[in-house]
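2 protein chains.
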Amino acid sequence: MNVIKVSEKFDMFQDHWNPRVIGSLNGQDVKIAKVQGEFVWHNHKDEDELFYIIKGSLDIHFENDIKTLKAGEMIIVPRGVEHKPVATEECWIMLFEPRSTKHTGEVIDEKTVTQFEKI
Amino acid sequence: MNVIKVSEKFDMFQDHWNPRVIGSLNGQDVKIAKVQGEFVWHNHKDEDELFYIIKGSLDIHFENDIKTLKAGEMIIVPRGVEHKPVATEECWIMLFEPRSTKHTGEVIDEKTVTQFEKI
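Protein chains in written order, with our numbering: chain A, 21 to 139; chain B, 21 to 139.
These are computed hints drawn from the structure, not numbers from a lab.
Be aware that a few hints might be false.
No distinction is drawn between identical chains; accordingly, a pair holds when it is met within one copy or between any pair of copies.
Unchecked claim - No farther apart than 30 Å at their CA atoms in a straight line, the calculated lysine-lysine pairs in the BS3-like style are these:
| # | residue 1 | residue 2 |
| --- | --- | --- |
| 1 | Lys87 | Lys131 |
| 2 | Lys87 | Lys75 |
| 3 | Lys122 | Lys25 |
| 4 | Lys65 | Lys138 |
| 5 | Lys131 | Lys29 |
Just need the whole structure built from these sequences, with the hints factored in.
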């Protein structure tokens with residue numbers, strides 16, 4: 021049982037849109053990612069997804085809305101809801117979601133990660 | 021689907037050891053609490069519990085160890101593990117745990133909260 025220093029975990033990688041697992045509990049994963057630019061439209065059929073912003077700002081596009089999140093803010097995207105994260109500048113995010121959550125849902129994209137590294 | 025501004029949620033209460041639910045997903049709750057002083061020894065038989073520190077510093081006492089967490093750090097306490105949080109000065113924490121999690125496990129204490137307010 022170790023103390024997880026989130027900022028040190030962020031220092032361990034530089035690439036974008038490639039979430040790392042930093043903890044697991046109750047069938048859920050805690051992931052962190054650095055993101056910049058535009059992600060792909062997708063949804064998670066059976067999983068709600070929490071985005072918490074550690075640093076920077078993230079726009080999450082929905083079918084009829086855009087929500088802007090800043091550091092210290094979170095949003096829970098319900099299962100089945102189409103969304104597309106976009107970050108104009110580099111943004112650091114933390115995700116809480118079931119271990120079963122696929123990166124881009126049923127969409128396959130060049131950004132899609134199928135195996136999440138644990139750090 | 022709203023943006024949850026965590027610092028604004030913390031402004032909504034002042035009491036200690038009384039977690040509020042600020043979000044729910046996949047059968048899990050996201051709770052926040054202000055804590056100061058010493059909590060009660062307890063464990064959660066069937067639930068792993070994540071502590072993430074928003075502000076200040078928290079000592080978590082275990083049977084043979086004490087872990088100190090500072091802002092931006094987290095720990096996952098596995099189910100069944102006895103623990104006692106202690107904060108010398110006021111500390112703001114975020115918890116991620118199953119909705120079924122009882123505040124003080126099977127222990128009943130004057131600090132025990134049985135119904136968590138949603139804010």
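Status of the hints after comparison with the structure:
1. Lys87 <-> Lys131: Close inside one copy (22 Å), not across copies (38 Å); limit 30 Å.
2. Lys87 <-> Lys75: Answer is both: 16 Å inside a copy and 26 Å across each meet the 30 Å cutoff.
3. Lys122 <-> Lys25: both (25 Å within a copy, 27 Å between copies)
4. Lys65 <-> Lys138: Both: 24 Å inside a copy, 26 Å across copies.
5. Lys131 <-> Lys29: within (21 Å within a copy, 34 Å between copies)
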